[in-house]
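Take the given structure of chain X and dock chain D to it, following the hints.
Heads up: the protein sequence lines correspond to chains X and D, in order.
With the working numbering, letter number 164 in the first sequence gets 164, and the count goes up by one each step, no holes.
To convert a position in the second sequence, counted from 1, into the working numbering, add 1000.
Heads up, a few of these hints could be off.
[What the hints assert, rightly or not] DSS-like mimics (lysine-lysine), calculated; alpha carbons at most 30 Å apart, straight line: (1) Lys1117/D - Lys170/X; (2) Lys1119/D - Lys198/X; (3) Lys1117/D - Lys198/X; (4) Lys120/X - Lys1209/D; (5) Lys119/X - Lys1209/D; (6) Lys120/X - Lys1117/D; (7) Lys1145/D - Lys1019/D; (8) Lys198/X - Lys142/X; (9) Lys120/X - Lys1145/D; (10) Lys1219/D - Lys1144/D; (11) Lys1142/D - Lys120/X; (12) Lys1119/D - Lys148/X; (13) Lys1142/D - Lys1170/D; (14) Lys145/X - Lys1120/D; (15) Lys117/X - Lys1142/D; (16) Lys1144/D - Lys1019/D; (17) Lys117/X - Lys1170/D; (18) Lys1119/D - Lys215/X; (19) Lys1120/D - Lys144/X; (20) Lys209/X - Lys1117/D; (21) Lys1215/D - Lys117/X; (22) Lys76/X - Lys215/X; (23) Lys198/X - Lys1120/D; (24) Lys142/X - Lys1120/D; (25) Lys1117/D - Lys142/X; (26) Lys170/X - Lys145/X.
[Unchecked claim] Stretch by stretch, here's where chain X covers chain D in the computed footprint (C-beta under 8 Å, at least three residues): (27) 1031–1045; (28) 1100–1114; (29) 1127–1140.
Just so you know, the hints here were simulated from the structure itself, not pulled from any lab data.
All C-beta atoms, glycine included, are put in the ideal place defined by N, C-alpha and C.
There are 2 protein chains.
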Amino acid sequence: EIRDAALALLSDGPLKGKKALVTAGPTLEAIDPVRFISNRSSGKQGYAIAAALAELGAEVTLVSGPTNLAVPQGVKRIAVESAEEMLAASEAALPLDVAVMVAAVADWRPAQAADEKIKKDKAGIPAISLVETPDILATLAKGKKRPKLVVGFAAETENLEAHARAKIAKKGCDWIIANDVSGDVMGGAENEVLLITKDSAETWPRMAKEAVARKLAEKIAAELGAKPRQRK
Amino acid sequence: EIRDAALALLSDGPLKGKKALVTAGPTLEAIDPVRFISNRSSGKQGYAIAAALAELGAEVTLVSGPTNLAVPQGVKRIAVESAEEMLAASEAALPLDVAVMVAAVADWRPAQAADEKIKKDKAGIPAISLVETPDILATLAKGKKRPKLVVGFAAETENLEAHARAKIAKKGCDWIIANDVSGDVMGGAENEVLLITKDSAETWPRMAKEAVARKLAEKIAAELGAKPRQRK
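With the rest of the complex left out, here is chain X (with noise of 0.2 Å):
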């Protein structure tokens, strides 16, 4: 962590002394000690836009649901489960300067996690009730300490604009990255997106998901360059 923190400070990158948050991965909502409610993200999107924040020089929190994948060099990873671990965590890492926020996170949890494993045979057919989730997004972007940069992701399988627009206002956020997820995308190793912010749309061809980030963490950098950070 130490050396993680003196690398980011003696990087030459854009975002030298800067702070990100980056959420990734699916996650998981326990019904019982065994059984949970989870979903199909690989946790590499968020994951590759970590490696390229830490690449421009921003000192990054990476807080990821369960995944396979290796901690990106100069990252610093909090591993959570639940929705509200994961918000616990991302507002563990605030001042920033930017938060991306990637992770399939779950909508709803199951009302109740079961002490013990729900028998087979105790009681017929058991029903999931379930309660929503802390939204994570809009709880950053409307926060006291609000990051300057709070960028949303947006899986859709149809009418991406719209629905990023609407999630923009929504959340409160400032920038949205719509993903189509009606195709192979979830978990595959490529992505096309939008840019979407409060006054444009950017359309960025499909590509690697380690160019997706290359290309994202360099907006970011043109962006907080525009508005440096005031350290208090």
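Showing chain D alone in chain X's frame:
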């Protein structure tokens, strides 16, 4: 595949010429194209058993839910997700000398997997209604082409032997390996099990999952040696 079959035929082990099925890992039951219900099974114990049976010369088919494990040498792996897929792949492996059902098969799955990702905003909080999955162990143990020896696993948190005996009676299998999952067994490197047969019970000391696998493979070899398979 041909090479593996050839290796099995060339082997001089006590299970030479025997056909074995091992199921391993969790199953994954879709809620929609991205969300699913699964469990914390790592697949380690099942993969170790497949490897141990292959080392004794058996021709091993490993029907596996999603894991991060490498295919053991000389083993043919069939990758599946749902309990229904696991049943179909297991039945396709018949006829068999021995079936060792180690997978942590979901007891329930969502009644319907949505074709599109369920949107958070659409209609409030969805309920997940569940239906029972097929009972793979009982289906094989009570089927027409029953394997000579059918071994089930039971993950329990209490009353291991009583639950295991009830499971033998209910499922129609020959042996149950009962393991206590009240501690940190799932995903761990070691296991502490009871081997329960219709008329005996053995407590095995806590040992590496590979050691459990070798001990079980030797037991299986002794059992099958006593009742040579009749080739039709």
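These are the hints, each one checked on the structure:
1. Lys1117/D - Lys170/X: The hint holds at about 20 Å.
2. Lys1119/D - Lys198/X: holds, 23 Å
3. Lys1117/D - Lys198/X: holds, 26 Å
4. Lys120/X - Lys1209/D: The given pair, whose Cα atoms are some 26 Å apart, holds under the 30 Å limit.
5. Lys119/X - Lys1209/D: holds, 25 Å
6. Lys120/X - Lys1117/D: Measuring from Cα to Cα gives roughly 28 Å; hence the hint holds.
7. Lys1145/D - Lys1019/D: Given that 30 Å is the threshold and the Cα spacing comes to 13 Å, the pair holds.
8. Lys198/X - Lys142/X: Distance of about 16 Å is within 30 Å: holds.
9. Lys120/X - Lys1145/D: holds, 27 Å
10. Lys1219/D - Lys1144/D: Between Lys1219/D and Lys1144/D the Cα gap is close to 25 Å, so the pair holds against 30 Å.
11. Lys1142/D - Lys120/X: Within the cut-off at roughly 20 Å; holds.
12. Lys1119/D - Lys148/X: holds, 29 Å
13. Lys1142/D - Lys1170/D: holds, 10 Å
14. Lys145/X - Lys1120/D: holds, 27 Å
15. Lys117/X - Lys1142/D: Measuring from Cα to Cα gives roughly 27 Å; hence the hint holds.
16. Lys1144/D - Lys1019/D: Holds, at about 17 Å.
17. Lys117/X - Lys1170/D: Answer holds: Lys117/X to Lys1170/D is near 20 Å, not above 30 Å.
18. Lys1119/D - Lys215/X: Holds, because 29 Å separates the two Cα atoms, which is no more than 30 Å.
19. Lys1120/D - Lys144/X: Cα-Cα ~26 Å, so holds.
20. Lys209/X - Lys1117/D: holds, 22 Å
21. Lys1215/D - Lys117/X: holds, 28 Å
22. Lys76/X - Lys215/X: holds, 21 Å
23. Lys198/X - Lys1120/D: Holds. Lys198/X to Lys1120/D sits at ~22 Å (cutoff 30 Å).
24. Lys142/X - Lys1120/D: holds, 20 Å
25. Lys1117/D - Lys142/X: holds, 27 Å
26. Lys170/X - Lys145/X: Judged against 30 Å, a Cα distance of about 18 Å means the pair holds.
27. 1031–1045: It holds: at least three residues are needed, and the stretch 1031–1045 of chain D offers 10 whose Cβ sits within less than 8 Å of chain X.
28. 1100–1114: Per the Cβ count (4), the hint holds.
29. 1127–1140: That given contact holds, which follows from 6 residues of the stretch 1127–1140 of chain D lying within Cβ reach (below 8 Å) of chain X.
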